[in-house]
Amino acid sequence: MPPQEPPRSEEIIDNLARILMITRSFADTSEAMESIGNSAGIEVKAVIGATLQLDDTIKAKIASSDMSVYVVPPGETFIEETMTNVFGEDGTTERGEERSSVAGTMEIGLLQKIGNVEKVLRKPKVVLERDLVEPEGESER
Amino acid sequence: MFLTKVDAVSEAEVLGIVENLNTLISSASGAISGTWDQREPVPGTLAEEPDMVKIRDDFGTAMIEQIAARNYVAVTLAIEMTLVQFVKQVTSGWGRGDTAGALRKIYSMISTEGEFDVRARQ
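Top line first, the protein sequences correspond to chains D and Y.
When the letters of the first sequence are read in order and numbered with my numbering, they come out as residues 1 to 141.
When the letters of the second sequence are read in order and numbered with my numbering, they come out as residues 1001 to 1122.
What the hints contain is simulated information worked out from the structure, not anything from laboratory work.
Virtual Cβ for every residue (Gly too), placed ideally from N, Cα, C.
Certain hints may be false.
As the list claims (entries may be wrong) - Heads up, simulated DMTMM-like pairs for lysine to aspartate or glutamate below, C-alpha to C-alpha not over 25 Å straight-line: (1) K123(D) with E1011(Y); (2) K125(D) with E76(D); (3) K123(D) with E1019(Y); (4) K45(D) with D1037(Y); (5) K113(D) with E1011(Y); (6) K125(D) with E1019(Y); (7) K113(D) with E81(D); (8) K123(D) with E1013(Y).
To be verified - Cβ-to-Cβ under 7 Å is the rule here; a few derived chain Y residues that face chain D: (9) V1009; (10) A1012; (11) L1024; (12) S1027; (13) A1031; (14) A1062; (15) E1080; (16) V1084; (17) K1088.
Model the full structure from these sequences, guided by the hints.
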């Protein structure tokens, strides 16, 4: 479920900084946040601007159908009909018997709703958990 | 007769915005990853437990392990996933005023030019 109240204002930068902290590249979170601002401030601004535009478009303007962002949460089972594996395979195991779990969404998808019927206008691109585990001896670039 | 101008929007238009957003997210992720990739580990600094806990909620163990191993692909994926989740939160859960207020504050944090004017969108 999405949050029912706005997150803390610094959440997006803070979350990005925490990822970099896990890599042990920065001594503290504030240094990581500063680095993100310096290296990608313009790009992050652009993402925020486009997010506002999308929010404005799907909430305020009039469309022939309801549309919403489609993001697959981690842990969901991969479904080829409604998602795309970013690494291009169909999500089955080597034996082809089981579906893989989604680790996260890399590219946003779009859902269209007409009445009670939902249709995927654009499949989200996802990464599967099994693709995050590299073969022995290949964990370092 | 009084006519009201209506901003109609097509599926193609929304799809175009989504495609652009995905491109921008990829660009932001690349910019952050490019800088991070040139840094050596800080001596004596380990991944902090509170960060691990918070990130674990978002990504799961396999991803955490790959990030901690400084796997460039995993770090880039995690950054993109975080930005995608941000878009999802903004477009699904908040009131419009709350969204604008939160974004204005976020924007001011990363901006060297001061306040981000989102009044036109409220």
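Outcome of the hint check:
1. K123(D) with E1011(Y): holds (14 Å)
2. K125(D) with E76(D): Roughly 13 Å between the alpha carbons, so the hint for K125(D) and E76(D) holds.
3. K123(D) with E1019(Y): Between K123(D) and E1019(Y) the Cα gap is close to 11 Å, so the pair holds against 25 Å.
4. K45(D) with D1037(Y): Given that 25 Å is the threshold and the Cα spacing comes to 22 Å, the pair holds.
5. K113(D) with E1011(Y): holds (11 Å)
6. K125(D) with E1019(Y): With a Cα-Cα distance of about 12 Å, the restraint between K125(D) and E1019(Y) holds, given a limit of 25 Å.
7. K113(D) with E81(D): With Cα atoms ~17 Å apart, K113(D) and E81(D) stay inside 25 Å; holds.
8. K123(D) with E1013(Y): Between K123(D) and E1013(Y) the Cα gap is close to 16 Å, so the pair holds against 25 Å.
9. V1009: holds (4 Å)
10. A1012: Since the shortest Cβ distance to chain D is 9 Å, the answer is violated.
11. L1024: Check passed: Cβ of L1024(Y) comes within 5 Å of chain D, closer than 7 Å.
12. S1027: Hint on S1027(Y): holds, closest Cβ of chain D at ~5 Å, below 7 Å.
13. A1031: Hint on A1031(Y): holds, closest Cβ of chain D at ~4 Å, below 7 Å.
14. A1062: holds (4 Å)
15. E1080: Check passed: Cβ of E1080(Y) comes within 5 Å of chain D, closer than 7 Å.
16. V1084: holds (5 Å)
17. K1088: holds (4 Å)
Hint violations for this structure: number 10 only, all remaining hints satisfied.
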